[in-house]
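Undergrad: Quick mapping for you: the protein sequence lines, in order, are chains A and B. Residue 453 in my numbering sits at position 453 of the first sequence, and the numbers go up by one each step. Residue 533 in my numbering sits at position 52 of the second sequence, and the numbers go up by one each step.
Hint data in this document are derived by calculation from the structure and do not stem from the laboratory. Treat the hints with care, as some may be off.
Said to hold, decoys possible - Derived lysine-lysine pairs resembling DSS-like cross-links, with alpha carbons at most 25 Å apart:
#  : chain 1 : residue 1 : chain 2 : residue 2
1  : A       : Lys187    : B       : Lys491
2  : B       : Lys534    : B       : Lys491
3  : A       : Lys420    : B       : Lys534
4  : A       : Lys137    : B       : Lys519
5  : A       : Lys84     : A       : Lys137
6  : A       : Lys126    : B       : Lys519
7  : A       : Lys118    : A       : Lys345
8  : B       : Lys519    : A       : Lys187
9  : A       : Lys126    : A       : Lys305
10 : A       : Lys259    : A       : Lys151
11 : A       : Lys126    : A       : Lys110
Unchecked claim - Residues from chain B that face chain A, not an exhaustive set, calculated with beta carbons under 7 Å:
#  : residue
12 : Asp484
13 : Gly517
14 : Ala524
15 : Ser531
16 : Lys534
17 : His538
Owing to the predicted nature of the structure, the values given are computational and were not obtained by experimental measurement. Think of the CB as a built atom: it goes at the ideal place given N, C-alpha and C, for glycine as much as any other residue.
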Amino acid sequence: MAVEGLRRIDSTRVEVPKGYKAGMRTNGIIYVDETLERQLEAHSIDQVANVATLPGIVGSSLAMPDIHTGYGFTIGGVAAFDLKEGIISPGGVGYDINCGVRLLRSNLYKDDIAPRIKDLVNAFYKDIPTGVGSKGKLRLNSKEHRKVLLKGARWVVEQGFGDKEDLAHTESEGCIEGADPDLISDKAYQRGSAQLGTLGSGNHFAEIQYIDEIYDEEAAGSLGLFMGQITVMIHTGSRGFGHQVCTDFLEVMQKAAHKYRIELPDRELACAPFDSPEARDYMAAMRAAANYAWANRQFIMHWVKESFINVLSTGPRDIGLSLIYDVAHNIAKVEEHLVDGIMRKLVVHRKGATRAFAPGHAELPGVYQHIGQPVIIPGDMGRASYVLVGTDKGMRESFGSTCHGAGRAMSRNQAMRVAKGRAIWREMEDRGIIVRATGRSTLAEEMPEAYKDVSNVVDVVHNAGLSKKVARLRPLGVIKG
Amino acid sequence: MFDTYGFAGKVFCISFQGDAFRARVSGGLFDPERNGQKLLIKAATYHNLSLRKIDAHWEATVIFDI
Chain A
1 MAVEGLRRID STRVEVPKGY KAGMRTNGII YVDETLERQL EAHSIDQVAN
51 VATLPGIVGS SLAMPDIHTG YGFTIGGVAA FDLKEGIISP GGVGYDINCG
101 VRLLRSNLYK DDIAPRIKDL VNAFYKDIPT GVGSKGKLRL NSKEHRKVLL
151 KGARWVVEQG FGDKEDLAHT ESEGCIEGAD PDLISDKAYQ RGSAQLGTLG
201 SGNHFAEIQY IDEIYDEEAA GSLGLFMGQI TVMIHTGSRG FGHQVCTDFL
251 EVMQKAAHKY RIELPDRELA CAPFDSPEAR DYMAAMRAAA NYAWANRQFI
301 MHWVKESFIN VLSTGPRDIG LSLIYDVAHN IAKVEEHLVD GIMRKLVVHR
351 KGATRAFAPG HAELPGVYQH IGQPVIIPGD MGRASYVLVG TDKGMRESFG
401 STCHGAGRAM SRNQAMRVAK GRAIWREMED RGIIVRATGR STLAEEMPEA
451 YKDVSNVVDV VHNAGLSKKV ARLRPLGVIK G
Chain B
482 MFDTYGFAGK VFCISFQGDA FRARVSGGLF DPERNGQKLL IKAATYHNLS
532 LRKIDAHWEA TVIFDI
């Protein structure tokens with residue numbers, strides 16, 4: 001049944017018309033098929049409409065098929081703003097700044113390591129600090145912390161944890177210029193000092209997978225992917241550091257919105273004109289947190305490689321773990337996009353949405369120039385994850401953006417109620433998937449049915465042409481926070 | 482305190498003095514083996530934030546990011 005007030009444009013898009021809510025400056029577009037449309041929450045539709053009221057929005061207020069209610073902006077939201085007339089909003093980035101995913105390929109086949117999955121999962125659990133308030137193996141002094149914020153993954157590579165190839169295969173080469181460590185609060189420094197190289201809690205994970213379906217042989221070949229191959233996916237962000245930066249700047253932006261007389265339908269949409277001192281400060285602090293997150297994933301990748309070497313008792317060359325790509329899915333970036341035939345600089349907010357640049361884009365490394373940017377889409381721990389690539393149509397329609405995951409179908413509380421009395425770890429083991437989690441309730445909150453089916457979500461962005469399916473990955477073993 | 486030092490509070494004594502309050506918290510270092518890991522509040526949000534007076538009391542609704 002169609003949602004009242006929405007208009008279906010075609011099989012993959014519905015429109016939130018400009019009159020859906022008072023004050024909308026443009027329409028909203030939600031990428032959903034009829035199945036996912038039935039799962040839309042009223043509040044998330046309101047949030048798409050709310051974003052459309054913000055000054056200087058360019059094009060439509062967009063939402064990807066993994067849409068669900070967030071704070072201020074919906075999760076799965078994409079919105080671009082003019083640099084002169086538009087705004088920047090921390091709510092359009094999210095609390096976990098540069099939460100993202102990286103995918104590693106290997107030389108191993110599923111059958112090579114099937115008997116060792118439990119050992120590998122246990123090694124991950126031992127080697128990668130995981131869970132609520134987990135502390136890393138590192139404790140940054142003030143000077144090192146500032147370098148992480150300025151240089152991101154580059155600093156980690158300089159310390160010997162990785163190589164230049166890793167940086168080439170990371171969005172923004174693992175470091176956005178323009179970060180300013182002087183704009184970070186003492187509290188954020190304190191929260192971040194012991195958390196670098198840690199996975200954290202909630203939906204963050206490190207997962208061993210294998211490829212069970214290839215959709216695009218040419219792209220898969222360029223990415224070094226083959227059937228039955230073992231891959232490893234890492235999903236985490238900027239930990240307490242990023243949360244604190246967001247919290248600090250929400251307060252700044254509340255005052256800025258008042259100062260610049262920006263009417264807000266929701267306080268979590270607090271924002272400032274992009275061309276203002278408050279916006280410049282937030283951008284510089286957000287970039288610092290984004291760099292922290294890239295450094296975090298770079299360290300964790302190192303622990304993953306160590307776990308494989310220790311468990312399989314073989315050399316790194318035989319294992320062949322190397323980074324395919326690392327993507328941010330909570331970030332705001334200044335980018336150039338073609339709008340109505342004119343190339344314009346815009347600030348693109350992606351909150352629970354992934355950049356998906358087309359073949360030939362200058363920001364892509366040489367090896368991916370002809371296939372487009374790799375897009376890594378994690379699903380739930382029981383079903384599947386996907387690799388896709390960016391497309392020209394995505395550049396034209398969604399500012400080079402696509403979905404970021406499955407999207408929750410149940411709240412954490414709902415999931416806990418549904419899981420009561422069940423041993424989720426055993427259910428997963430019966431499906432051939434070894435899971436370990438630190439938190440008592442994590443497995444219940446993260447059980448597969450708590451999420452939408454990622455295959456449906458990915459089919460929508462594929463059919464809409466926002467990105468193109470390359471391969472499907474099935475889970476074998478996972479650690480969660 | 483928890484994120485930075487791993488401090489987990491166990492006993493909380495809170496006394497109110499006019500518009501202010503004084504809190505004394507005692508506890509120790511968090512031990513995941515002994516203490517068990519539950520929810521951690523990562524941020525307090527403005528999402529659906531409300532404050533209303535009910536008779537002689539004020540009631541606040543605050544949604545935390547966990």
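Undergrad: Now tell me if each hint is right for this structure.
TA: Hints, verified against the model:
This hinted pair checks out: A/Lys187 and B/Lys491 have alpha carbons roughly 22 Å apart, not beyond 25 Å. The straight-line distance between the Cα atoms of B/Lys534 and B/Lys491 is roughly 31 Å, outside the 25 Å bound, and the hint therefore fails. A C-alpha spacing of about 37 Å is found between A/Lys420 and B/Lys534, which places the hinted pair above 25 Å, so the restraint is violated. Distance check on the hinted pair: A/Lys137 and B/Lys519 sit about 22 Å apart at the alpha-carbon level, within 25 Å; holds.
Proximity of A/Lys84 to A/Lys137 is assessed by CA-CA distance (about 44 Å); at most 25 Å being required, the pair is judged violated. Restraint check for A/Lys126 and B/Lys519: the C-alpha separation of about 20 Å stays at or below 25 Å, so the hint holds. For a cut-off of 25 Å, the pair hint linking A/Lys118 to A/Lys345 is broken: about 49 Å separates their Cα positions. Restraint check for B/Lys519 and A/Lys187: the C-alpha separation of about 23 Å stays at or below 25 Å, so the hint holds.
Restraint check for A/Lys126 and A/Lys305: the C-alpha separation of about 13 Å stays at or below 25 Å, so the hint holds. Annotation: proposed proximity of A/Lys259 to A/Lys151 is violated, straight-line Cα distance about 33 Å (limit 25 Å). The hinted pair formed by A/Lys126 and A/Lys110 meets the criterion: a straight-line CA distance of about 22 Å does not exceed 25 Å. Of the supplied interface hints, the one on B/Asp484 holds, with its beta-carbon coming within about 4 Å of a beta-carbon of chain A, less than 7 Å.
Taking 7 Å as the C-beta contact cut-off toward chain A, the hint placing B/Gly517 at the interface holds, the least distance being around 6 Å. Interface restraint check for B/Ala524: the shortest CB-CB distance to chain A comes to about 5 Å, inside 7 Å, so the restraint holds. Because the smallest distance between the Cβ of B/Ser531 and any Cβ of chain A comes to about 11 Å, over 7 Å, the interface hint for this residue is violated. The interface hint given for B/Lys534 is broken, as the beta carbon of that residue sits about 20 Å from the closest beta carbon of chain A, more than 7 Å.
With a cut of 7 Å, the hint placing B/His538 at the interface with chain A is violated, because the nearest CB-to-CB distance is about 23 Å.
Violation of the numbered hints given earlier is confined to hints 2, 3, 5, 7, 10, 15, 16 and 17; the remaining hints are satisfied by the structure.
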